[in-house]
Amino acid sequence: KNQVEQSPQSLIILEGKNCTLQCNYTVSPFSNLRWYKQDTGRGPVSLTIMTFSENTKSNGRYTATLDADTKQSSLHITASQLSDSASYICVVSAQSGNTPLVFGKGTRLSVIA
Amino acid sequence: DAGITQSPRHKVTETGTPVTLRCHQTENHRYMYWYRQDPGHGLRLIHYSYGVKDTDKGEVSDGYSVSRSKTEDFLLTLESATSSQTSVYFCAIGLAGVSDTQYFGPGTRLTVL
Numbered sequence: 741k742n743q744v745e746q747s748p749q750s751l752i753i754l755e756g757k758n759c760t761l762q763c764n765y766t767v768s769p770f771s772n773l774r775w776y777k778q779d780t781g782r783g784p785v786s787l788t789i790m791t792f793s794e795n796t797k798s799n800g801r802y803t804a805t806l807d808a809d810t811k812q813s814s815l816h817i818t819a820s821q822l823s824d825s826a827s828y829i830c831v832v833s834a835q836s837g838n839t840p841l842v843f844g845k846g847t848r849l850s851v852i853a
Numbered sequence: 017d018a019g020i021t022q023s024p025r026h027k028v029t030e031t032g033t034p035v036t037l038r039c040h041q042t043e044n045h046r047y048m049y050w051y052r053q054d055p056g057h058g059l060r061l062i063h064y065s066y067g068v069k070d071t072d073k074g075e076v077s078d079g080y081s082v083s084r085s086k087t088e089d090f091l092l093t094l095e096s097a098t099s100s101q102t103s104v105y106f107c108a109i110g111l112a113g114v115s116d117t118q119y120f121g122p123g124t125r126l127t128v129l
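Protein chains in written order, with our numbering: chain C, 741 to 853; chain W, 17 to 129.
This is chain C alone, in the form it adopts within the complex (with noise of 0.2 Å):
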């Protein structure tokens, strides 16, 4: 069965720290895997985008990784800001099949002064 796991389902981090999600997928045949951020209230927005060639793909203070080999994927966020308290939700994409988006639970981050 398609599944994304997401961890951890939440996270407290001081302003100005670093931090780091996790998401690993069994999705198959894999196309391609999103990292979405999702302010309370709103819809989600895209971060960034990977293919299978992809290892490391950077958006300002976002940096997500990608091992295709043991499909696990990584949102890194640099120097957090408030601004940042969020919903973070990984999205993979199948090649073909009857489901071919797989959403995660996501993580929610919550920064703090």
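The hints are simulated quantities; they were obtained by calculation from the structure and are not laboratory data. In this text, a Cβ means the ideal position worked out from N, Cα and C, and glycines have one as well.
Incomplete in silico selection of chain C near chain W, CB under 10 Å:
1. Asn772
2. Arg774
3. Gly781
4. Arg782
5. Gly783
6. Val831
7. Ser833
8. Pro840
9. Gly844
10. Gly846
Which residues of chain W face chain C? A few of them, derived with a C-beta cut under 10 Å, are:
11. His57
12. Arg60
13. Gly113
14. Ser115
15. Gly123
With chain C's structure known, arrange chain W on it following the hints.
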């Protein structure tokens, strides 16, 4: 929110009543999607459309129907609302296929009493 509006933004209704949610886009994207988001679950696809009058079911389509008579509008109808359909509903749009980046609307919070 990438030229996507949803209406209404909030709705409270009673069990057994019909409900229609509207998604309107100004981006002329071919693909449109309806998702629901519930605590403890990731976003789950209800229905999607790949063109005017072309729709298909997602993983949680029971109890829902959709229609798309114009490129810019995608309607989600709950024929007879149930309490289990209390949720936040998100519309999304995309240029290419299901595995392409999707742009989400602001969401509609529906409460069925």
